[in-house]
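Could you put together the complete structure from these sequences and hints?
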Amino acid sequence: MNDLIKFQEALNNKVKGLKCPVCGCSDGNFRTKNTQNPQVFGLVCPQCGHVILFDIDVLLDK
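So for the sequence shown, the numbering used here puts the first residue at 1; every next one is plus one.
Since the hints were made in silico from the structure, they are not lab data.
Honestly, I wouldn't trust all of these hints.
Dumping the calculated DSBU-like pairs for lysine-lysine here, alpha-carbon to alpha-carbon at most 35 Å [said to hold, decoys possible]:
hint, residue 1, residue 2
1, K33, K19
2, K6, K16
3, K33, K16
4, K33, K6
5, K33, K14
6, K19, K6
Pasting the structure below:
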């Protein structure tokens, strides 16, 4: 399976149960945001704009 597809599936699973630590929003409409580091990406809360950072290797269980 291609890494991009694996990444997309892992990301979708992560977003489903994600809850913003700032406002508590958990509606699943988090937008992805690129960061300066290609190994790290962010998910932006649709309500308060808080960015939750994730390491790509951790997400893919590498």
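Hint by hint, here is what the structure shows:
Distance hint between K33 and K19 is fulfilled; the C-alpha atoms sit about 17 Å from each other, no more than 35 Å. Pair hint K6 plus K16 holds up; C-alpha atoms about 16 Å apart against a cutoff of 35 Å. Distance restraint check for K33 and K16: the Cα-Cα separation of roughly 17 Å lies within the 35 Å cut-off, and the hinted pair is therefore satisfied. Between K33 and K6 the CA atoms are separated by roughly 18 Å; this keeps the pair inside 35 Å, and the hint holds.
The straight-line distance between the Cα atoms of K33 and K14 is roughly 15 Å, inside the 35 Å bound, and the hint therefore holds. For the suggested pair K19 and K6, the alpha carbons sit about 22 Å apart, so the restraint of at most 35 Å is met.
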